[in-house]
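Going down the list, the sequences are from chains A and B.
Using the working numbering, you'd call the opening residue of the first sequence number 7 and step up by one each time.
Using the working numbering, you'd call the opening residue of the second sequence number 6 and step up by one each time.
Simulated from the structure, these hints should not be mistaken for lab results.
Hints should not be assumed to be uniformly reliable.
[As the list claims (entries may be wrong)] Under 10 Å between C-beta atoms, here's a sample of chain B residues computed to sit facing chain A:
# : residue
1 : I36
2 : F62
3 : L85
4 : Q97
5 : L274
6 : P288
[Claimed, not checked] Dumping the calculated DSS-like pairs for lysine-lysine here, alpha-carbon to alpha-carbon at most 27 Å:
#  : chain 1 : residue 1 : chain 2 : residue 2
7  : A       : K144      : A       : K246
8  : B       : K302      : A       : K242
9  : A       : K246      : B       : K302
10 : A       : K144      : B       : K302
11 : A       : K242      : B       : K196
12 : A       : K246      : A       : K236
13 : B       : K302      : A       : K253
14 : B       : K94       : A       : K355
15 : A       : K364      : B       : K302
16 : A       : K242      : B       : K301
17 : A       : K228      : A       : K253
Glycine included, each C-beta is placed from N, C-alpha and C at the ideal position.
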Amino acid sequence: MIKKILKNDAFQSLFASLICIVLGIAIGYIVLLFINPEGAGEAILEVLKNFMHYSKTNLQIKNFGNTLVKTAPLLMCSLSILFAYKVGLFNIGAAGQYCVGICVSLYCALALGMGWVPCMIFAAIAGALYGAIVGLLKSYCNVNEVISGIMLNWIALYSTNMILMNVKDSTSPYTYHLNIDSQNAILPTLGLHNLFEGNERVTIAIPLSILFAILVSVVLDKTKFGYELKATGFNKNAAKYCGMAEKRNIIVSLMISGAIAALGACFLYLTDYEQWSCTSAAVPATGFNGIAAAFLGGLNPIGAIFSSYFIQHITVGGSYVDKTMYCAQISDLISAIIIYLCGFVFFIKYAMNQLIDKSEEKKALKAKAIAEANTQEGGDK
Amino acid sequence: MLLLIQYTLVFASVLILVALGGCFAEHSGVINLGLEGIMVIGALGGALMMRYAPDSFGAFGIIISVVLAAIIFGVAYSSLLGVACINFKANQTIVGTALNMLGTAGATVMVKAINTAANPDDVSSTIQYVEEKKAFIVNIGSFEFNWFMLIAVIGLVAAYVVLYKTKFGLRLMACGEHPQAADSVGINVYKMRWAGVLISGMFGGLGGICYILSGVSEWKFENGVAGFGFLALAVMIFGQWKPSRIAMAAIIFGFFRALSNVFFGFEFLVNLNIPGSIYNMMPYIICLIVLAFTSKKSRAPKAEGIPYDKGQR
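Isolated chain A (complex conformation):
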């Protein structure tokens, strides 16, 4: 029975992810010890505690809400990355597609005065088109999707800075708040904010992102389209041989991936939780953290829900460490270490299977030896 569980692929993925998390935190702790051994234990606990940092329950719940608000875009980015990864593409351009989503949704809301539904639709279309560039370059020009993705990230960043320059005060680098005159662009809460002590930022974005995770899971596992996409990922040539349009599949999957990432941007920026700073020098880290979440979740959409929450939990937790000794980037360091360790997941699974096989082999040999001994005894009699 136990062996059955141990051999189960889902269990192995979970186990490997847990090893990555534990090792990541342990290495983070060691780094903290090196910086200043006095407060290291406390600091790592702050990172893990996050909103439990507050002693009052209502503050805890409110801040839990804030973490959830920021988890929704991260979950969307990780879904975007894992969707493309199932087709054998590493969509590091998700960060740029996310950035385009910010640009279009905020511009539609602030400059054109649209409601949240058209904002999201236009953002999704823009993200899809931006993803399509990567797909076209990959399938027709054989350009490595990682390099073109990174180039497009920078182009997206500078374009966003340039375009959103039109919807901000000349005195501040930040874009206007949505709640001043574009209130109809703010995502509705449908009463969800009452669950979080009246935290108005908690909107339908959170349930929607979970819905998307389920949708991605269904599309990938239960439909012909998802099967074709996965087949293309396993072996492009075999898929082509079977009559699948492998070029179209690559482009379509990157378009879907881009649309998901852009929607993720709407899920954060249309809650008015954050404003875009037009002097940003780098694309938002959410897109890159999405890589960590996708791999930590074992490349499973449902797993991504939990891993995204965990990554966001420690990222927010990093802001509670004692700033006189440490910096908030310690959580970035931990997530980066976790991604690095995720590279070893394949090896961990392999080692586990080897161990199980060996113990089984030993048992089988033992059983055989006993059986042989028994028959010999039988022969003597």
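Following the hints, put chain B in place on chain A, whose structure we already have.
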């Protein structure tokens, strides 16, 4: 105009060094997407050396020690890629990306820790090296010659000689083209790939310190190296994995990168009234266009990106 040439040459030197790093790794069969992270860590090593080097070193001593520090940091950091991708057969794309994130996060944490330890109110991630930077620059008229331009040329010649004229280089390239064949004639593929990765770490670290010495006299580590590691990979692809062509490609890309720094010095460019952001985007756009035209018939090493498995046929 002189300023444009100067910046072009400095950025071209960075791109040449880093692209050569990518070139060695890929010829041995490992795709090194972590070059960006390696650059950051190399830059960290060099910057720390500049900060803590005693004055008694003199200009020459500072150059040597900073270059060595950058190389040591770069090589040590690239070994993380080697362990994961060569010995544990990890996915090279994931590990490379992880190294990029780890490089920026790690360097930021380290620099901030040093700054905060020195002064509890200082929470910046900046290292200043105004004085030490002067050691690297020789003024010829109004042209600032940077020693890294020479280092890039030396690196280029050395890379060419090592790759094409020595036993080691030819064996290295064999491991990237057909590792099984190389193994069958007694070449240790794992060792060769390790050599490729460590050499790329060396070049990456050098490129990193060169990058942060190119412009301003302080560096904010939170910003990383602005996609230069990936631009260098594009230079390498455009250069078809050949050192001589890489040099040409690097100068073209360096020119467009330099333009975004100095465009306001040219009256006709300012009169065009194009926003500065467009110039910032230029190198990346050019890069995409160039890649679109050159990737189709690419001469990439055949076995790159595939972990070597002895048991595989």
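Verification of the hints:
A least Cβ separation of about 9 Å between B:I36 and chain A falls short of the 10 Å threshold, and the interface hint therefore holds. The restraint placing B:F62 at the interface with chain A is violated, with a minimum CB-CB distance near 27 Å, outside the 10 Å limit. Interface hint at B:L85: satisfied, since its Cβ lies 7 Å from the closest Cβ of chain A, which is below the 10 Å cut-off. Among the interface hints, the one on B:Q97 holds; its C-beta lies about 9 Å from the nearest C-beta in chain A, closer than the 10 Å criterion.
Against a cut-off of 10 Å between C-beta atoms, the interface hint on B:L274 is violated, since the closest Cβ of chain A lies about 17 Å away. Given hint, B:P288 at the interface with chain A, holds; its Cβ is 8 Å from that chain's nearest Cβ, closer than 10 Å. Taking the CA atoms of A:K144 and A:K246, the gap is about 16 Å. The hint holds against a cut of 27 Å. Only pairs whose Cα atoms come within 27 Å are accepted, and B:K302 paired with A:K242 is accepted, the gap being roughly 18 Å.
Proximity of A:K246 to B:K302 is assessed by CA-CA distance (about 20 Å); at most 27 Å being required, the pair is judged to hold. A threshold of 27 Å between alpha carbons decides the hint, and for A:K144 with B:K302 the separation of about 13 Å falls inside it, so the pair holds. A hinted pair counts as satisfied when its Cα atoms are at most 27 Å apart, and A:K242 with B:K196 does not qualify at roughly 32 Å. Between A:K246 and A:K236 the CA atoms are separated by roughly 13 Å; this keeps the pair inside 27 Å, and the hint holds.
At roughly 18 Å between alpha-carbon atoms, B:K302 and A:K253 fall within 27 Å of each other, so this suggested pair holds. Of the pairs offered as hints, the one joining B:K94 and A:K355 holds, with about 13 Å between alpha carbons and a cut-off of 27 Å not exceeded. The hinted pair formed by A:K364 and B:K302 fails the criterion: a straight-line CA distance of about 47 Å is larger than 27 Å. For the hint pairing A:K242 with B:K301, the CA-to-CA distance comes to about 17 Å; that is within 27 Å, so the pair holds.
Between the alpha carbons of A:K228 and A:K253 the distance comes to roughly 22 Å, so the proposed pair stays at or under 27 Å and holds.
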